[in-house]
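There are 4 protein chains.
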Amino acid sequence: MFRQLEEEKVFKDPVHQSIYVQDATIWKLINTPEFQRLRRIRQLGTSYLTFHGAEHSRFSHSLGVYEITRKIISQFERNGYSDWPQQEKLVSLCAALLHDVGHGPFSHSIEQVFDTDHEDWTCEVILGNTGVNRVLREVSADFPDKVASVIRKTYDKPIVISLVSSQMDADRMDYLLRDAYFTGVHYGTFDLERILRVLRPYKDKIVVKESGMHAVEDYLMSRYQMYWQIYFHPVTRSSEIVLRQIFRRARELYAEGYEFGFMLPPLRQLLQGTLSVEGYLQLDEALVQTAFGQWMEEKDELLSDFCRRFLNRVLYKYIPLEQRDETWLNGLRDEWKSIGLHPDYHMEVDTPIDLPYDVYKPGEDSPEKPPILLLDDREGLTEIASKSEIIQSITGLHRGKYFLYYPEDLVRPHASKLSRLTRERLSL
Amino acid sequence: MFRQLEEEKVFKDPVHQSIYVQDATIWKLINTPEFQRLRRIRQLGTSYLTFHGAEHSRFSHSLGVYEITRKIISQFERNGYSDWPQQEKLVSLCAALLHDVGHGPFSHSIEQVFDTDHEDWTCEVILGNTGVNRVLREVSADFPDKVASVIRKTYDKPIVISLVSSQMDADRMDYLLRDAYFTGVHYGTFDLERILRVLRPYKDKIVVKESGMHAVEDYLMSRYQMYWQIYFHPVTRSSEIVLRQIFRRARELYAEGYEFGFMLPPLRQLLQGTLSVEGYLQLDEALVQTAFGQWMEEKDELLSDFCRRFLNRVLYKYIPLEQRDETWLNGLRDEWKSIGLHPDYHMEVDTPIDLPYDVYKPGEDSPEKPPILLLDDREGLTEIASKSEIIQSITGLHRGKYFLYYPEDLVRPHASKLSRLTRERLSL
Amino acid sequence: MFRQLEEEKVFKDPVHQSIYVQDATIWKLINTPEFQRLRRIRQLGTSYLTFHGAEHSRFSHSLGVYEITRKIISQFERNGYSDWPQQEKLVSLCAALLHDVGHGPFSHSIEQVFDTDHEDWTCEVILGNTGVNRVLREVSADFPDKVASVIRKTYDKPIVISLVSSQMDADRMDYLLRDAYFTGVHYGTFDLERILRVLRPYKDKIVVKESGMHAVEDYLMSRYQMYWQIYFHPVTRSSEIVLRQIFRRARELYAEGYEFGFMLPPLRQLLQGTLSVEGYLQLDEALVQTAFGQWMEEKDELLSDFCRRFLNRVLYKYIPLEQRDETWLNGLRDEWKSIGLHPDYHMEVDTPIDLPYDVYKPGEDSPEKPPILLLDDREGLTEIASKSEIIQSITGLHRGKYFLYYPEDLVRPHASKLSRLTRERLSL
Amino acid sequence: MFRQLEEEKVFKDPVHQSIYVQDATIWKLINTPEFQRLRRIRQLGTSYLTFHGAEHSRFSHSLGVYEITRKIISQFERNGYSDWPQQEKLVSLCAALLHDVGHGPFSHSIEQVFDTDHEDWTCEVILGNTGVNRVLREVSADFPDKVASVIRKTYDKPIVISLVSSQMDADRMDYLLRDAYFTGVHYGTFDLERILRVLRPYKDKIVVKESGMHAVEDYLMSRYQMYWQIYFHPVTRSSEIVLRQIFRRARELYAEGYEFGFMLPPLRQLLQGTLSVEGYLQLDEALVQTAFGQWMEEKDELLSDFCRRFLNRVLYKYIPLEQRDETWLNGLRDEWKSIGLHPDYHMEVDTPIDLPYDVYKPGEDSPEKPPILLLDDREGLTEIASKSEIIQSITGLHRGKYFLYYPEDLVRPHASKLSRLTRERLSL
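Protein chains in written order, with my numbering: chain W, 1 to 428; chain S, 1 to 428; chain E, 1 to 428; chain A, 1 to 428.
Some hints could be false.
As the list claims (entries may be wrong) - One side of the interface only, derived from the structure: several residues of chain A facing chain S at Cβ under 10 Å:
#1 H186
#2 T189
#3 F190
#4 R194
#5 D218
#6 M221
#7 Y224
#8 Q225
#9 W228
#10 Q229
#11 E298
#12 I390
Everything labelled a hint here was simulated from the structure, so no lab data went into it.
Being a predicted model, the structure only gives us computed values, none of them experimental.
For every residue, glycine included, the Cβ atom is placed at its ideal position computed from N, Cα and C.
Whole structure, please, built from the sequences with the hints as guidance.
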């Protein structure tokens with residue numbers, strides 16, 4: 001099943017130094033149009049507007065996930081652990097590589113507004129009429145289904161799912177290291193080599209040797225820091241809010257029969273909810289940003305303003321709210337109207353809690369996110385939080401402040417018309 | 001002239017850790033649409049197709065050039081060197097920051113095909129009806145002219161030009177470090193802190209204390225290695241060739257009156273040679289790549305094939321030529337025609353020599369590239385190559401191999417129709 | 001008071017890149033015999049027997065503490081904070097530099113066995129007949145007293161004490177970074193630059209801007225990890241136990257009038273409890289290790305065996321104890337005797353808790369270890385643990401396992417004579 | 001021959017992250033007293049007096065050389081190169097590990113003064129009555145001889161010698177990286193991973209794939225920079241000169257029958273030229289420095305002064321000489337005498353050329369230092385300098401300035417008695 005390349009291919013990678021490809025199937029997958037397209041999708045969505053180094057793509061992340069998976073399996077093979085089913089190597093590597101192949105541009109915002117799901121798209125790319133599917137079918141007729149079932153977490157070898165998708169999987173390990181590298185913070189750095197050394201296949205799970213507990217603490221603390229310092233950064237949230245207003249406004253206008261000065265087929269499909277795989281694959285960040293650039297000229301003032309804000313980085317301002325003060329917020333909607341603003345577009349209360357990111361929650365023993373288990377010679381398996389107070393302490397922490405986001409530049413000229421409380425809270 | 005911000009602004013940067021903005025003019029320049037647009041222009045053009053980490057933008061590089069310039073001036077001020085004219089700080093910082101503001105998408109290819117020049121565009125952005133110009137005019141009516149004349153190297157304080165543009169200027173120092181960081185190679189690393197410490201203002205030049213000679217050797221060797229390992233990498237050259245074919249073919253079709261299925265105003269201006277500043281500023285990489293995506297559907301087969309190659313990374317293959325064998329190459333054009341290929345598009349002989357990069361050439365004492373001078377208490381100034389055999393050795397080295405690039409996938413099926421010599425040379 | 005050197009001196013340092021000396025007093029202090037002697041005292045005592053890279057000296061650490069202090073003060077001066085008393089710069093820098101000048105070889109072990117205290121010795125070096133004292137007196141007659149009182153935490157400017165000695169002082173910041181660098185682990189790395197940026201002088205304390213809370217969390221987690229991974233490593237503990245047996249045995253023999261085959265005056269003074277400053281300053285690690293080498297030839301078998309163990313790294317083995325099982329341990333002493341071993345020397349129960357290191361304990365508001373305070377515009381000062389659950393979680397954590405240490409090589413040959421429980425526990 | 005350890009042993013290393021020991025013989029060798037003794041010998045001799053971070057030992061370097069050798073062999077095995085004789089693995093690893101086991105304290109100085117050779121001592125440790133010999137003999141009776149013959153470059157498998165000792169061997173690769181890491185300069189960094197990837201066994205040599213040429217250039221430039229910036233640093237040279245005066249004076253005094261206040265058997269053996277292996281192994285840096293400390297009290301003023309200078313870092317000053325001006329230097333000897341100084345001890349003219357370090361000299365095709373060969377499919381083997389002008393340029397470069405070293409503190413008080421030329425040259 002594993003067809004050795006004549007000569008190993010090596011990618012230079014800033015995070016892992018080198019990424020080694022030894023199998024022909026992997027090499028062909030990387031060269032499909034669908035995988036190459038990930039070069040035009042940023043890994044961190046709008047974070048580059050907060051951390052200018054965060055311009056790296058899902059292409060480089062996907063190679064990194066593949067490489068970490070390869071290293072884990074290679075460690076298992078080197079040590080000859082009998083609980084690792086050796087014939088599962090290729091399906092594991094393919095699932096690792098293709099894990100994010102269904103990501104679109106600024107996925108989080110698009111998924112929120114249009115209620116799509118990148119995991120579904122990943123499976124469609126794997127199973128549909130695509131280059132990826134053709135390469136996988138060369139392995140065997142049912143191979144695409146196998147890979148897709150790993151992504152969907154229904155594969156009949158749970159250890160493969162555990163490897164590709166868990167609280168300490170190759171995906172998370174790569175993105176923490178990579179996002180730290182490209183933003184330039186050091187919070188995300190942990191001792192990858194040490195963690196790779198303490199992983200063990202055990203029955204149908206990947207677990208951690210007990211002596212590796214401090215290394216896992218370190219990894220989880222890195223993750224905790226990255227979430228609060230990078231992923232939930234309020235400036236990034238602001239840029240996502242502006243981005244969502246664009247999509248929401250465009251969808252609304254489309255529904256109303258508005259004539260867009262600029263339109264392209266995949267965008268139209270998106271707005272009318274009829275995206276095909278082909279259309280989806282054309283929807284990269286280049287296309288979306290080009291549309292925004294053209295829409296800056298639209299006669300709908302809301303749409304053109306939001307596009308201008310996004311491209312020129314004129315974001316919404318934010319203030320922390322001690323708690324959701326619904327009375328004041330409801331009143332604020334009326335105040336907004338009174339000065340000519342749209343409360344549905346020009347204010348948003350946000351808390352990081354609804355982001356698709358998560359901090360480690362040990363109780364959560366769902367098939368989706370198996371917890372991290374420590375393996376001890378005497379006691380067998382234990383969930384890590386029960387042994388580590390550090391890890392307990394970051395569970396359910398920081399339930400997230402509320403922030404109010406709004407376009408200050410539009411509000412300030414009308415400050416005198418606002419209530420005293422509002423002026424105070426917004427420092428006007 | 002220097003208007004201190006109330007609170008210093010800090011950008012997190014992977015290369016310099018932090019970038020400090022203390023002056024209101026700099027802060028406002030960063031927030032202009034023209035400068036923000038640099039986020040949509042990659043620093044290294046097509047290099048990301050060879051080194052996937054090289055996805056960083058000219059935005060981050062421009063901030064880096066500003067920061068290095070700020071550090072050099074700060075060192076001069078701290079030591080109170082009388083040869084440094086203190087009132088030139090703001091013009092120097094602005095010129096450093098805006099140095100690349102006229103860069104377009106994939107500048108090298110576009111400049112070659114359309115004969116434009118990013119330095120001219122930089123001056124147009126500084127002097128034209130732009131946000132940048134408005135911010136600069138707030139300083140004084142003639143301030144935009146001053147900044148532009150630094151870019152054009154005609155400013156009447158040569159020391160400012162020497163600071164912003166020389167063989168060891170902030171521009172080169174930042175891009176070597178930054179490109180090394182993002183590609184993940186270490187060749188470009190040199191001891192920036194040490195170099196900053198040995199720079200001295202001396203009469204109307206920036207020179208190097210003699211004890212810094214080895215640090216300069218190290219810097220020049222880094223530069224040499226980066227050129228040959230990164231900038232002149234044949235895979236990158238291949239992607240630039242494919243890119244040029246797109247632009248050449250599109251211009252040719254446009255001239256012939258071809259009806260494009262997809263067109264946007266700035267593209268049309270580009271093809272007909274009538275680009276305005278406004279049009280140019282819309283021409284970012286997002287727009288160009290979107291056009292390529294749409295042109296994959298054009299009925300002109302050459303154009304659609306080149307676009308597909310570029311986006312899906314199906315590049316031309318290359319073989320090294322010991323020397324330009326004109327007889328064989330001329331014959332090859334005919335062989336190409338005989339198998340239905342276009343010699344003007346389907347083959348290209350390339351040598352890195354014509355790239356806008358350069359290795360250090362000490363003799364070249366043009367106002368464009370002042371050489372690096374060592375300052376010695378006894379001897380005064382000496383050009384560095386006369387003291388360092390290392391530096392002499394990398395002067396004029398490696399005049400560049402010739403490579404032949406061609407689409408192997410189109411040639412191989414017709415191999416049997418080609419001459420024996422050709423088959424041998426192309427390993428068919 | 002500050003006498004600028006004609007030319008700034010620069011030390012190349014792996015942790016801080018460069019260490020800058022601008023004041024003549026600092027330069028002279030570095031060149032005293034007492035300070036140079038720190039080159040012959042390892043920063044981490046016996047840790048090099050566990051982490052071979054940990055061979056760095058207190059000399060380099062002391063320079064690092066000085067440099068961090070210099071940077072903090074420089075930030076205060078640059079921002080013109082009025083709560084920082086500018087005239088305290090030199091006394092602060094001297095106290096930072098000389099903080100550890102009284103450390104002897106393997107201080108922890110020697111202090112435990114001989115009940116001495118390196119802080120007392122530091123003051124004696126500062127106040128006694130030494131090169132250090134002479135340099136300090138050049139500043140003013142009472143300057144040595146001032147510096148010593150900072151070390152003793154009785155100086156009448158509490159902010160200076162807060163700078164030099166607190167839960168987040170320059171000492172701890174340097175040793176975490178330095179020990180991480182030289183051992184090669186990355187746990188100790190935190191964002192020094194960011195922490196330096198959020199420190200503020202506030203009344204008579206150094207506090208942290210509230211937005212710096214996550215950076216402090218990161219620093220404290222680094223510290224927590226370093227303590228458990230490096231400082232309390234059981235192999236290092238084992239080597240300290242062996243070392244203590246040497247000193248204990250030598251003292252016992254000396255008291256009994258034993259004739260040593262090798263003796264030197266400072267050693268004799270140590271063993272008889274009459275160490276003078278002059279003697280103490282001769283007691284470096286070279287001398288102590290040389291004595292051990294010679295004592296390998298002593299006729300007292302215990303002493304020669306312990307010396308051999310220490311120099312050849314034949315350490316005691318250890319097993320974790322679930323709890324102090326006094327009944328078994330008492331019985332073990334008898335079992336030891338029955339096989340010819342000395343229970344006072346050949347077994348030791350150890351828990352890290354008694355080490356002079358500490359994890360952060362927020363409640364502990366002693367003048368010795370002022371807690372870390374956050375400064376908020378609205379609320380004023382708050383102890384950090386009350387805001388951070390992370391920090392709460394590492395307070396009083398890990399009260400430390402008990403370990404039993406013993407020379408397995410001496411026990412194993414007699415295994416059959418030991419009780420079954422003992423054989424089981426020791427895996428014999 | 002290879003006896004797998006039950007569990008792989010891992011050393012944490014700052015340069016290679018981890019050092020893996022899988023074979024029982026290697027593990028036992030590391031635990032011999034002779035190898036542990038390398039912890040008390042600094043890798044860089046007196047360089048720590050110039051670069052305070054350079055406190056690392058030959059113990060850590062020896063582990064590093066072993067690890068690089070292990071990685072090279074592992075690459076050969078993984079790729080199944082038939083030119084690599086697989087049964088030579090253990091002898092190669094042992095030779096790599098033990099390569100420096102015969103180094104004494106401050107070897108360069110001791111070898112110069114007493115005309116000993118650390119390579120001879122290495123062979124004596126391997127072949128003599130030592131722990132190392134006993135471990136090697138467990139493999140087979142002739143195994144110590146085999147290992148020693150690799151060290152002596154007479155082993156009958158030249159490829160093993162080429163691996164352990166050549167212009168680009170594991171020894172050099174480790175020390176460049178390690179010395180750069182611990183001094184904190186970055187000159188010594190090169191892409192180790194890439195170099196390991198381009199090495200090939202070819203007939204009886206280790207050669208380099210041609211595509212690795214730039215990587216080798218980079219390695220040789222690092223080496224060149226390290227030599228001139230670190231190894232030949234004039235302050236380090238000064239400290240070695242002071243050190244040599246101690247040894248020269250002590251030997252002279254011993255020959256004259258002087259009664260030393262402090263003496264130990266191995267020192268006496270050294271001074272009378274009768275060092276046994278046992279004595280040599282006791283001669284570590286601790287002992288030597290302890291002797292210097294005691295000799296500070298000797299009544300011979302020269303000896304006590306040199307010892308004080310070395311321990312307190314009161315080194316000789318140096319001035320560059322344009323050329324060896326013998327007339328002036330001869331006169332200077334007389335001037336020295338006239339002011340009561342000893343020309344044999346108080347002045348020394350030095351040029352780096354006589355150091356046991358070397359820059360790459362391609363012509364030098366001795367069995368000692370085989371040149372670096374490039375392997376090309378068409379052309380076979382070529383010496384690298386013939387292809388690289390960079391490498392040519394660093395051949396024979398920098399023949400080394402002359403420096404005059406002398407104790408300025410002893411000269412300055414008598415400046416008025418010196419000739420005008422001397423006063424000028426010494427800036428008195």
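Right, here's what the structure says about each hint:
1. Contact between H186 (chain A) and chain S, as hinted, is supported at the beta carbon level, the nearest pair being about 6 Å apart and thus within 10 Å.
2. Against a cut-off of 10 Å between C-beta atoms, the interface hint on T189 (chain A) holds, since the closest Cβ of chain S lies about 6 Å away.
3. Evaluation of the F190 (chain A) hint against chain S yields a held restraint, the C-beta minimum of about 8 Å falling below 10 Å.
4. Contact between R194 (chain A) and chain S, as hinted, is supported at the beta carbon level, the nearest pair being about 9 Å apart and thus within 10 Å.
5. Proximity of D218 (chain A) to chain S holds as hinted, the smallest CB-CB distance being about 6 Å (cut-off 10 Å).
6. With its C-beta approaching chain S no nearer than about 5 Å, M221 (chain A) sits inside the 10 Å limit, and its interface hint holds.
7. Using the Cβ-Cβ criterion of 10 Å, the hint placing Y224 (chain A) at the interface with chain S is satisfied: the shortest such distance is roughly 8 Å.
8. Interface hint at Q225 (chain A): satisfied, since its Cβ lies 6 Å from the closest Cβ of chain S, which is below the 10 Å cut-off.
9. Satisfaction of the interface hint for W228 (chain A) is found here, the shortest Cβ-Cβ separation to chain S being roughly 6 Å, below the 10 Å cut-off.
10. For Q229 (chain A), the shortest C-beta to C-beta distance to chain S is roughly 6 Å, which falls under 10 Å, so the interface hint holds.
11. For E298 (chain A), the suggested interface contact is broken, since its CB lies about 39 Å from the closest CB of chain S, more than 10 Å.
12. Proximity of I390 (chain A) to chain S holds as hinted, the smallest CB-CB distance being about 6 Å (cut-off 10 Å).
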